[in-house]
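If you want the building blocks of each chain, they are given just below.
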Amino acid sequence: MMKTKKGFMLRSVAGRHVVVAIGQASVDFNGLITLNDTGAYIWERLAKGTTYEDLLKDMLSDYEVDEETAKSGIDAFLKTARDAELLDEN
Amino acid sequence: MRYNIAGIIVDMNVRFPRLKRQSAAYEYNGDRETNIKIRLTDRFFNEKLAENPHLDYEMIEYIWMGSEFYNALLHFNGMLLHSSCVVYEGKAYLFSAPCGTGKSTHTQIWLKQFPEAYILNDDKPAIRIAKDGIFACGTPFSGKTAQNVNSIVPIGGICILGRDTVNHIEPIDPDDALFNILNQTVRPPQEEDMDKLLATLDTVLRNVPVYRLYCNMEPEAAIVSYNGMKDKTKEG
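Chains as they are written, first to last, in this note's numbering: chain P, 1 to 90; chain S, 1001 to 1236.
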């Protein structure tokens, strides 16, 4: 199961998807993450908690992409999110 | 004592000279209901003094009464923008940047260039969304200087300020300004308050023209800045 860490919220401001920190998370993270449409789509699913397989399945049914493209998109997003320590995984 | 700050009726127990002086112009004796009640207790003063030994009671009152006000402001379609706000020809122009960039220096150049211009708030103007537009509001909380006027003025532009040897100004996309503006307001730790802030910011950025100004300290800086922003409204 993968889930975004507690204390991050995704909102749309001025036509841009932004993630900001609240509560305890805002003590360590005072920045701003901006996401494109696909990024926001993945974030929304991760915020609820999902698995890699479910995420891939969702993307393949909601976007007209082949499996390889979907996977590389998800992988790139997950790498960035992991590097920034935004994910809880178990 | 009650005050009308940014159109909001605030009940504050002001005790010390600095805030008494700065809030005198905002005293309110009308019939409207109180919107925000702020009480700083003896215990609060002593806690803050212990945490911040370089401050005194007077500064603690000034800083934290302001901080309470700006937190509450989020619930009245409003937000703080750390900026120096100058009014000229009936429009408010807000210059925002990190400390030390020269916000106040720039608005002081406006005052020299345009004798009828005045400072609405030199450090912490309130922005409020109303039915008939988006307004900058003077408040008693104006940072290091006492420069503030109890007035509510439609916003002509918000400008992110940077330094350069030559003066130039250009309109920027709202999302381009987002990061700068979020860094020059107070981000509330509660989700509910953060939601209010982002909703207000969304409306502000969709309706108010935003610019990036690079300027020096010559008189021309005010002319370039004014010419770049006057008579403009949001496109689309």
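A portion of the hints provided could be inaccurate.
Capping the alpha-carbon separation at 27 Å, the derived lysine-lysine pairs in DSS-like fashion look like this [claimed, not checked]:
hint, chain 1, residue 1, chain 2, residue 2
1, P, LYS57, P, LYS6
2, S, LYS1144, S, LYS1048
3, S, LYS1196, P, LYS5
4, S, LYS1112, S, LYS1131
5, P, LYS48, P, LYS79
6, S, LYS1091, S, LYS1196
7, S, LYS1196, P, LYS6
8, P, LYS6, P, LYS79
9, S, LYS1112, S, LYS1232
10, P, LYS5, P, LYS71
11, S, LYS1196, P, LYS48
12, P, LYS3, S, LYS1091
Since the hints were made in silico from the structure, they are not lab data.
Hints and how they fare:
1. Distance restraint check for LYS57(P) and LYS6(P): the Cα-Cα separation of roughly 25 Å lies within the 27 Å cut-off, and the hinted pair is therefore satisfied.
2. At roughly 19 Å between alpha-carbon atoms, LYS1144(S) and LYS1048(S) fall within 27 Å of each other, so this suggested pair holds.
3. Annotation: proposed proximity of LYS1196(S) to LYS5(P) holds, straight-line Cα distance about 22 Å (limit 27 Å).
4. The suggested pairing of LYS1112(S) with LYS1131(S) is violated, with an alpha-carbon distance near 34 Å, which exceeds 27 Å.
5. With a C-alpha separation of about 19 Å, the suggested pairing of LYS48(P) with LYS79(P) holds against the 27 Å cut-off.
6. A C-alpha spacing of about 25 Å is found between LYS1091(S) and LYS1196(S), which places the hinted pair at or below 27 Å, so the restraint holds.
7. The hinted pair formed by LYS1196(S) and LYS6(P) meets the criterion: a straight-line CA distance of about 19 Å does not exceed 27 Å.
8. Distance hint between LYS6(P) and LYS79(P) is fulfilled; the C-alpha atoms sit about 18 Å from each other, no more than 27 Å.
9. Between LYS1112(S) and LYS1232(S) the CA atoms are separated by roughly 23 Å; this keeps the pair inside 27 Å, and the hint holds.
10. Taking the CA atoms of LYS5(P) and LYS71(P), the gap is about 22 Å. The hint holds against a cut of 27 Å.
11. At most 27 Å may separate the alpha-carbon atoms for a hinted pair to count; LYS1196(S) and LYS48(P) meet this at roughly 22 Å.
12. Restraint check: the Cα-Cα separation between LYS3(P) and LYS1091(S) comes to about 47 Å, which exceeds 27 Å; the hinted pair is violated.
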